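K.L.:
Working from the sequences, and respecting the hints, build out all of it.
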Amino acid sequence: MASSSMIESLGSLNKDSFVSLLSKLIGESKFVQNNPPDLIPQEDRIVNHVLDSLRPYSTESGGGPLLINHVAYHSGRGNLIVEYPGSVPGKIVSFVGMHMDVVTANPDEWEFDPFSLSIDGDKLRGRGTTDCLGHVALVTELMKRLGETKPVLKQSVVAVFIASEENSSIPGVGVDMLVKDKLLDKLKSGPLFWIDTADKQPCIGTGGMIPWKLHVTGKLFHSGLAHKAINAMELGMEGLKEIQSRFYRDFPPHEQEKVYGFATPSTMKPTQWSYPGGGINQIPGDCTVSGDVRLTPFYDVKEVMKKLQEYVDDINTNIEKLATRGPVSKYVLPEENLRGRLTLSFDEASAGVACNLDSRGFHVLCRATEEVVGHVKPYSITGTLPLIRDLKDEGFDVQTSGYGLMATYHAKNEYCLLTDMCQGFDVFVKIISQLEQE
1 MASSSMIESL GSLNKDSFVS LLSKLIGESK FVQNNPPDLI PQEDRIVNHV
51 LDSLRPYSTE SGGGPLLINH VAYHSGRGNL IVEYPGSVPG KIVSFVGMHM
101 DVVTANPDEW EFDPFSLSID GDKLRGRGTT DCLGHVALVT ELMKRLGETK
151 PVLKQSVVAV FIASEENSSI PGVGVDMLVK DKLLDKLKSG PLFWIDTADK
201 QPCIGTGGMI PWKLHVTGKL FHSGLAHKAI NAMELGMEGL KEIQSRFYRD
251 FPPHEQEKVY GFATPSTMKP TQWSYPGGGI NQIPGDCTVS GDVRLTPFYD
301 VKEVMKKLQE YVDDINTNIE KLATRGPVSK YVLPEENLRG RLTLSFDEAS
351 AGVACNLDSR GFHVLCRATE EVVGHVKPYS ITGTLPLIRD LKDEGFDVQT
401 SGYGLMATYH AKNEYCLLTD MCQGFDVFVK IISQLEQE
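Sequential numbering from 1 applies to the sequence shown in our numbering.
None of these hints come from the bench; they were simulated from the model.
Quick caveat: nothing in here was measured; it's all calculated off a predicted structure.
Check before you lean on any hint, since a few could be wrong.
[Claimed, not checked] FRET-style restraints, in silico, Cβ to Cβ: (1) LYS228 with GLU310: 28 to 34 Å; (2) ASP38 with THR271: 18 to 24 Å; (3) GLY279 with GLU255: 47 to 53 Å; (4) GLU336 with ASP393: 37 to 43 Å; (5) ASN48 with GLY172: 49 to 55 Å; (6) ASN35 with PHE346: 18 to 24 Å; (7) GLU310 with ASN48: 50 to 56 Å; (8) GLU394 with GLY279: 54 to 60 Å; (9) ILE280 with ASP313: 29 to 35 Å; (10) GLY62 with THR271: 52 to 58 Å; (11) GLU255 with ALA411: 28 to 34 Å; (12) SER17 with GLU438: 28 to 34 Å; (13) VAL152 with ASP113: 43 to 49 Å.
Even for Gly, the Cβ is constructed at its ideal location relative to N, Cα and C.
P.N.:
Written out as structure tokens, the structure reads:
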């Protein structure tokens, strides 16, 4: 059980203070949309509000014990490391991943202004309330409470607010650089809680992602003379069907997916289709099918990419054996020495992560969740959080949780619930208190 004195000292979330801060952050959300090159976030607009809340309790102002380190690798795009120091060297707990950028929002498609906080009963509405400015405000309130109440702790409590989580096309901005510069190394000696998921339960597994493009080359011809064409669309459809069949044969549902509670196994599917254009009476000679592989962390990303290329090479070599569509559908024109062809390419891939279910961090998070929420049901999804895989590979004990709503993640009309955020604060307090007793 968590220490009652510690819980009493830190208390519960100051709702008025939290909502006031969140209102300021959502007011900046228009300027922290992350979609380069058109929209490059200025995360320091968020940093400044967090600093306004915490600086009065910092060593910088002389008003408290908080150690604050504002680290920027690009102008206006800072990260913020805040530490409440404990008395025992090497004893530490950290809350990381509260990112200060957001995905884009089109006000014309929303029922309310995405770039200002509005309140509808328990709903706190606006872009970033769930992902992830709500968590920025929540952990800021936690660090502020520590600075105000100054409890005597054996462990240090560290919060790391990060830039550039939603889009990695501009490198060298966020947590990857903090790790590279060894600014987070001391966090390896204790559990690290990545606060950027949803629904108040531990998220113990995420998926890898392999974006792919399948370019199909045939021969354009008049649709009334189909025997003289190689229909790129038909070749793409049948080729992709064969690739998918082989993928699901070689990468079937894994037994560990049940242990981790993955909602789906690994999948490979098309999501986009394009062709150069032409008349309705023209059989297309080119097209491109694009999609992704979502891979549970029990399979190796590089091995899957290698296999996909092998499938395509084999289909090209034996293209005469590929299923056709009708009596004159074909992928080879011997008299013209022409063969249809599939060309596979990949964009940047990332691996999934399976959190350590035997770690101290996992057990502490589960106990805290059960005590506060009333039940604990860890889950896994094949959405991607590549940054936490990088941290795990670097030796951090990473666990993940979050207190927004999965149903509104990256969605129009995004909102979170104030009651959920209050429970999130209570979970943080329980985690700190439990670790103090070890």
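K.L.:
Between ILE280 and ASP313, does the C-beta distance stay in 29 to 35 Å?
P.N.:
About 34 Å separates the Cβ atoms of ILE280 and ASP313, which means 29 to 35 Å holds.
K.L.:
Taking the CB of GLY62 and the CB of THR271, does the distance hold inside 52 to 58 Å?
P.N.:
Holds, since GLY62 and THR271 (Cβ atoms, about 55 Å apart) stay within the stated range.
K.L.:
Does 18 to 24 Å hold as the CB distance between ASN35 and PHE346, or does it fail?
P.N.:
Holds, at about 22 Å.
K.L.:
Taking the beta carbons of GLY279 and GLU255, is their distance inside 47 to 53 Å?
P.N.:
Since the Cβ atoms of GLY279 and GLU255 sit about 52 Å apart, the hinted range of 47 to 53 Å holds.
K.L.:
When you take the CB atoms of GLU255 and ALA411, is the distance between them in 28 to 34 Å?
P.N.:
holds, 33 Å
K.L.:
Does the hinted range 49 to 55 Å hold for ASN48 and GLY172 at CB?
P.N.:
violated, 22 Å
K.L.:
Using the Cβ atoms, figure out if ASP38 sits within 18 to 24 Å of THR271.
P.N.:
holds, 22 Å
K.L.:
Take a look at whether the Cβ-Cβ distance between GLU394 and GLY279 falls inside 54 to 60 Å.
P.N.:
Check passed, 55 Å falls within 54 to 60 Å.
K.L.:
Are GLU310 and ASN48 spaced within 50 to 56 Å by their CB atoms?
P.N.:
holds, 52 Å
K.L.:
Take the C-beta atom of LYS228 and the C-beta atom of GLU310, compute their distance, and say whether it sits inside 28 to 34 Å.
P.N.:
For LYS228 and GLU310 the Cβ distance comes to about 32 Å; the hint holds.
K.L.:
Starting from the range 37 to 43 Å, see whether the pair GLU336 and ASP393 falls in it by beta-carbon distance.
P.N.:
Given a distance of about 51 Å, which is not inside 37 to 43 Å, the answer is violated.
K.L.:
Would you say the C-beta atoms of SER17 and GLU438 sit inside 28 to 34 Å of each other?
P.N.:
holds, 30 Å
The structure does not agree with the numbered hints 4 and 5 stated previously, though it agrees with the rest.
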